[in-house]
Every structure is written in C-alpha cells, then in structure tokens.
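**Q** Residue strings, one per chain:
2 protein chains.
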Amino acid sequence: MNNFIFSNPTKIIFGKGVENEVGNEAKKYRKVLLHYGGGSIKSSGLYERVVQSLQAAGVAFVELGGVKPNPLLSLVHEGIQLCRAQAVDLILAVGGGSVIDSAKAIAMGVPYQGDVWDFFTNKGRPQEALPVGVVLTIAAAGSESSDSTVITRSEGLLKRPCSSALIYPRFAFLNPELTYTLPPYQTACGVADITAHIIERYFTKTPQVDLTDRLCEATLKTMVNFGPRAVANPTDYEAHAEVMWAGCIAHNNLLGCGRVSDWGSHMIEHEISGIYDVAHGAGLAVVIPAWMKHVYREDLNRFVQFAVRVWGVDYAFGDSERIALEGIERLKQFYHAIGLPVSLHEMNVADDRLEEMARKATQNGSLGNFKKLYEQDVLKILQLAL
Amino acid sequence: MNNFIFSNPTKIIFGKGVENEVGNEAKKYRKVLLHYGGGSIKSSGLYERVVQSLQAAGVAFVELGGVKPNPLLSLVHEGIQLCRAQAVDLILAVGGGSVIDSAKAIAMGVPYQGDVWDFFTNKGRPQEALPVGVVLTIAAAGSESSDSTVITRSEGLLKRPCSSALIYPRFAFLNPELTYTLPPYQTACGVADITAHIIERYFTKTPQVDLTDRLCEATLKTMVNFGPRAVANPTDYEAHAEVMWAGCIAHNNLLGCGRVSDWGSHMIEHEISGIYDVAHGAGLAVVIPAWMKHVYREDLNRFVQFAVRVWGVDYAFGDSERIALEGIERLKQFYHAIGLPVSLHEMNVADDRLEEMARKATQNGSLGNFKKLYEQDVLKILQLAL
Chain A
11 MNNFIFSNPT KIIFGKGVEN EVGNEAKKYR KVLLHYGGGS IKSSGLYERV
61 VQSLQAAGVA FVELGGVKPN PLLSLVHEGI QLCRAQAVDL ILAVGGGSVI
111 DSAKAIAMGV PYQGDVWDFF TNKGRPQEAL PVGVVLTIAA AGSESSDSTV
161 ITRSEGLLKR PCSSALIYPR FAFLNPELTY TLPPYQTACG VADITAHIIE
211 RYFTKTPQVD LTDRLCEATL KTMVNFGPRA VANPTDYEAH AEVMWAGCIA
261 HNNLLGCGRV SDWGSHMIEH EISGIYDVAH GAGLAVVIPA WMKHVYREDL
311 NRFVQFAVRV WGVDYAFGDS ERIALEGIER LKQFYHAIGL PVSLHEMNVA
361 DDRLEEMARK ATQNGSLGNF KKLYEQDVLK ILQLAL
Chain B
11 MNNFIFSNPT KIIFGKGVEN EVGNEAKKYR KVLLHYGGGS IKSSGLYERV
61 VQSLQAAGVA FVELGGVKPN PLLSLVHEGI QLCRAQAVDL ILAVGGGSVI
111 DSAKAIAMGV PYQGDVWDFF TNKGRPQEAL PVGVVLTIAA AGSESSDSTV
161 ITRSEGLLKR PCSSALIYPR FAFLNPELTY TLPPYQTACG VADITAHIIE
211 RYFTKTPQVD LTDRLCEATL KTMVNFGPRA VANPTDYEAH AEVMWAGCIA
261 HNNLLGCGRV SDWGSHMIEH EISGIYDVAH GAGLAVVIPA WMKHVYREDL
311 NRFVQFAVRV WGVDYAFGDS ERIALEGIER LKQFYHAIGL PVSLHEMNVA
361 DDRLEEMARK ATQNGSLGNF KKLYEQDVLK ILQLAL
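Top to bottom, those sequences are chains A and B.
Counted the way the numbering used here counts, the first sequence spans residues 11 to 396.
Counted the way the numbering used here counts, the second sequence spans residues 11 to 396.
Incorrect hints may have been included.
Claimed, not checked - BS3-like cross-link-like pairs, simulated, lysine-lysine; straight-line CA separation at most 30 Å:
#, chain 1, residue 1, chain 2, residue 2
1, B, Lys370, B, Lys52
2, A, Lys38, B, Lys38
3, A, Lys231, B, Lys21
4, A, Lys26, B, Lys215
5, B, Lys78, A, Lys21
6, B, Lys26, A, Lys382
These aren't lab readings, by the way, just hints derived from the structure by calculation.
These numbers were taken from a predicted model, which means no experiment stands behind them.
Given only the sequences and the hints, what does the whole structure look like? Please build it.
**A** Written out as structure tokens, the structure is:
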C-alpha cells in the first residue's frame, strides 16, 4: 500500500425528493449560476422544482443552459464571462457529468487571468475556484463527488481532463428518481462508465492493497447485479438507487486510496469520442475489454482474482490464463447484455483513423500505469476493439 | 435504502512517516493543545517528532497528558479550562480513541457555557466546537474520522456517547508504524472494536441495501484476513496498514449510509467497561456473539448472508438456522484465536451485577434497532455471554 491522502469534502444528500432542498444549501451564497444542458430538465419538471426551491430560499440566480455531451470549451468561456459580469459566487450544475464538468471548468476559469484551457494542457495550475453545487440527473460520470473535469475544444477535436482538489463539489443532491426518464441506452452507458471508474482503479501493480481491492469488487458486484435491472426497469427505485450510490463511490477516490490507478482506457476512449459521436460509456464498453486482452499477462493473478471474485468464475479448474480470459469475456457479455456495443464496428467507427487516434492519444507521452501504453500499444488495443 | 446525508470532512494523511508533517496542517492555527495519554508516546519517540514538527512550523502549543482508557469527564473539564485560559484554537490528539474522544469533548466544551456533560445526557446540543486534529497510535475506535465521542463520569460510573458533525476531526495522520509498539492483546482489542463497528451497521432491518452490505462484507473480510496477522506480527507493515485503514472506514459512516444501524452491543458493553476494568474491544468480543445468538431469528437470511459471504460457510447444505449459527460460531472462534476473551467469566466478570447492568443500560429506554432490546433482553444477552 502506498502512502496517500484522502479528503473528499462533498456533502452528499441522497434519496427521494431531496432536490427540493437545494435552496437550503445554496442560500449562503449571494448569486447562483444555474447551469444545465438541453430541455430535458424543463420537460421533466426538475427545472421548475429547483427554481422554486431557490426562490423559496431567497436565492438570486442567473442561467446558462446548452451544455452538450462532451462539453465544449466555448460554452465554458461564455459561462466565465457571465459569472464575472453577474458576480456569481456559486455554480449550480443541474444535470449529468457533462454539465458538472462544464460547471467545474467555469469555476476554475472565473478567478483566472489566462485561458482556462491552460489547466487542461498543463500550462497552468488553478489556485482558486468558485464553489460548485450539483443536482444530479444521470448516474455515470461520478463528477458529482470527484476532483476532475473533462472538456472538449472544438478546434482540433481535443478532449482533455483536468484534476484539482479545488473543484470537488461542495454539495451534491442525488435523487435516483431523477434518472427514471433516461432512455435505457443512456442508463446502460452510465453503468459502463461506473464500472470503468472502478476497473481503472482496480487494475494496479501496487502490491498489498487488500481492502481497496475488496471495496472495488464490492462496488462492481453491486453494478453487476443492479445495472441490468436498472436498464430493464426505468422506474425501479432500488435498482437506480444502488447504481447511483455506486456511481458516486466509484469515482470519489475512496477506491483509489494507496494504489496507482491506470486510466489508459479512459484516455483511449477520449480519442474516440473526441472524433466520433459516441457516448463515453459506450466507448468504454468497447475499449476496456480490448485493453484487458492486451494487458492481462502483465499480472495474470490480478485478472484471475477479477474473474473469480467479481464474476464467480470457478477457480477449481486451475488454468490461470483461461480463468483470466473468462473474466474478460464475462465483462464483455455483461456490456453486451445491457445493450451496449462491444466493438468499434458496432459504433460505426471504421478502421481508417485508428493510427490517428493512437498518435494523438500518446502525443504527450505514454498512457496508463498497469502497463505503459505507447502508440503501438494503443493501435493494437484499437485493432482488438474492431 | 433510506434517504441519507453523507459528509465526512476529515482529511486522512496515511502512510509511513506522515506524522512528521503534522506541523504543516497545524500551522494555520494560533495555539494548539497537545493532548495525549500516558508515557508511551514519549518512550516511543513520537512525542518528540510531533513537537519537532510543530516547532519547525512555528506552531505554539500547550500540553495536557494523562488521558486514561475510558476517558474521564474530570480531565475533560481540566482541558476546557486550559484551552480557555490559553486561547487554544486547535486540539491535537496524539493517541488512540480515548485521547481523541477526550479531545472532542474538550472541543465541544470550550465554547459552551454549561457543563459539557449536558451533551452526553441529551440536556443540550453543541452549537460550535474547536477544531480537532489527530495523530493516531491505535487502530481501533475509528474516532479519527468519526463524529462521536464516549466519555465516562466517575460519579455513578456512567459511560455515555455523544455525536455531532461539529467534532469530525479536521485532519488525521495515520501511520501504521506507530502501532508496532502495542502489546498484541491491545492490537487484538482494536481488531474486535473495528469488526464491531462494521457489525453494528451490517445488522439492519432496512431492506435493499446491497452496496453498503457488500462494502461492510469487504471491510470485514480484510479484518478477518489481516487482523490475526497484525496481532501475530507487531511489525508487519502491510497487515497493520490494512487494519488501520479498515478501522477508519469501519467508522467514518460510509458503511452506514442509507440504513438504520444497531449499536445495542456497544451500549451493553459500555455498561460492562463502565463498571469493570475491561478493554472496550474485549468486552465487544464477548457481547457481540451473545447478542447475535439472542437476535438472529429476527432476520435469519441476514445471518445466513453474513455466514456465507464473510465466513465462506457453504450455502449448499441448505439448513438456514445451522448456517446462521455457524457464522456466529466462526466470529467467536475468530475472536478467541486472536487471544480475546469470549465469555464474561474469562474477563473476570461474575454474574452478580448482570441485573444492575441490564437496568442501567435501559434506564433511558430500549437499546438497538435490529431488535429492540429491553431490560430482560439485555439480561438474557449478558447471561448468554457468561
């Protein structure tokens, strides 16, 4: 186990109807930016409830909608200008990971003199940020209790992450009922994203990490049991509650304590969804099994443990390689069974830009930690994913 | 799953040598009360390292040692006076659960006009508290990242808990090496205390709590695997690291999210260690299996799950009651194997004051939630524990 610091200040308010209390959390701020995506929060009635809660608490606010999946730097710039002009001191993200990520980028950009994109290209480190609050509508990204954000710059189709302890949301309202209106495919993409956050932490070469291994396995098993149920039953409260709470724990960094995480698959997926119109979760469902097939010999025992403990593969037959591959196959079947693509072809991604993606993914150096991935490794993984 | 709020602000700094950084965390305060127990932190050299770190960071401090196991209200009163006289604004607990609990009580008492004991007898609720920091020397109580404290008043031998979000420590330094000097019996008591914190949360009647069930089981399994290793090998870093991190997670309330916890066994044990010179963990090792035998029919399936998932009892033989009892027996054997008493007689507690303890335990109403325990239930449990 490595030395580590764990500090997650996000206050989670979880359960039925909790979004009606958002005004109570927001009322200590002077002015709020209500940040959201398209029209779904208006058609669902959520927008109205949040506004009523803010108004009942006497909280002044301005609005900025229009966040798209793979949130764009251009809207972040617009939000920064608006916050400065209106002296906003809390950004309230009402939506999923894209809206929260956009809010976090705005939060870092407001007090910064340069271009906030600097923080995504290692040209600067944020020194301060506005506080961010969340009303979550999709269980997926884990951004509601994480220190990271991913933003896409249209110019050059660059999708880049940034992490800073300054952007942990101060509070996050998690009501599983708010996910009832999602199309099953989007719920499935969320399930894949959540499992990916666990898997990226689980596959480590740090030795002696028993407790975090088991916590990862516990959270994965809950996803294996309740993910399909949530996809099949849009209004099953218990299934959506398990998935939403697992989604938060999967990415609040508890599961990464004391161990080196990987993140290679995420970086590869960013290249795919940076170019193609592909949901992040669907991209991960394609990339992760391919990544696993490329790297499993790096630590066969860890893949055997994954197969046996998470998927219940019978250890008794004793052929480690076969057990490891069976675990990978079960994961792939799991994604397939909830309606996700498990190959690039199924996502209408052809083989003509694989080299380009491999080059872009590694232009700042190798990816991942479980196995360092260079351009040829990424190309191999993309080919395995075809 | 019930609605819940989860918010734990404690910053955990974990690993080898971390206590040498305590000055960096303390330096934003004006004056620190260095609070500790007996001479062990001086003989181990820890006291010297903490003082050097504070001095190197330019942090002024005063001292109050002498905290005993089952920390006393009288010393808390002394600490409150000292903090007021010296304008202390951070209480730094260097020690185990007793020292931290004493620090938390002082922290609540300093800004309070009345007697801090009011908070332990439901005569008042704390409205503010000084910040508390921790350098942990024993993996056991989980007080380093919890919102609770237990204090004993000598007059009437009353041992009473108090919980408040105000007393979550702001930071806690967890270096497993600091536990190397503990006698194995004390390590074993800590192991029992940690498992008890998980078990008190695990046995719930709240339905549909899959993820927290699995997180509880994960943490328990780590304790089952590494607890005995830590007891047997005082300088095994990895074993003590797993136990120390599990001890923190066992009681930071993650495992209680969305479910009603029990705490009946803790309340019964407090009556025992309030009267007899019994380590809290040893008392729990005696009480919990007896409590289980008294309550397991309340939800046989949950006890079967405990037996199968935590202890690997074979589900195939299909006799639920036998499986449930086998799980309880395995827990008892586990405590016995690490050198703990598993009966009141082994702790030199005779049967002559059981009625008194049962009466005192229930004088403010029933205990526990998995099964409401009245005076006769507590008496029965104590008799089962003989």
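**Q** All the hints need checking, so say for each whether the structure fits it.
**A** Hint check results:
Taking the CA atoms of B/Lys370 and B/Lys52, the gap is near 38 Å; set against the 30 Å cutoff, the hint is violated. A threshold of 30 Å between alpha carbons decides the hint, and for A/Lys38 with B/Lys38 the separation of about 24 Å falls inside it, so the pair holds. Distance check on the hinted pair: A/Lys231 and B/Lys21 sit about 28 Å apart at the alpha-carbon level, within 30 Å; holds. Taking the CA atoms of A/Lys26 and B/Lys215, the gap is about 19 Å. The hint holds against a cut of 30 Å.
For a cut-off of 30 Å, the pair hint linking B/Lys78 to A/Lys21 is broken: about 34 Å separates their Cα positions. For a cut-off of 30 Å, the pair hint linking B/Lys26 to A/Lys382 stands: about 27 Å separates their Cα positions.
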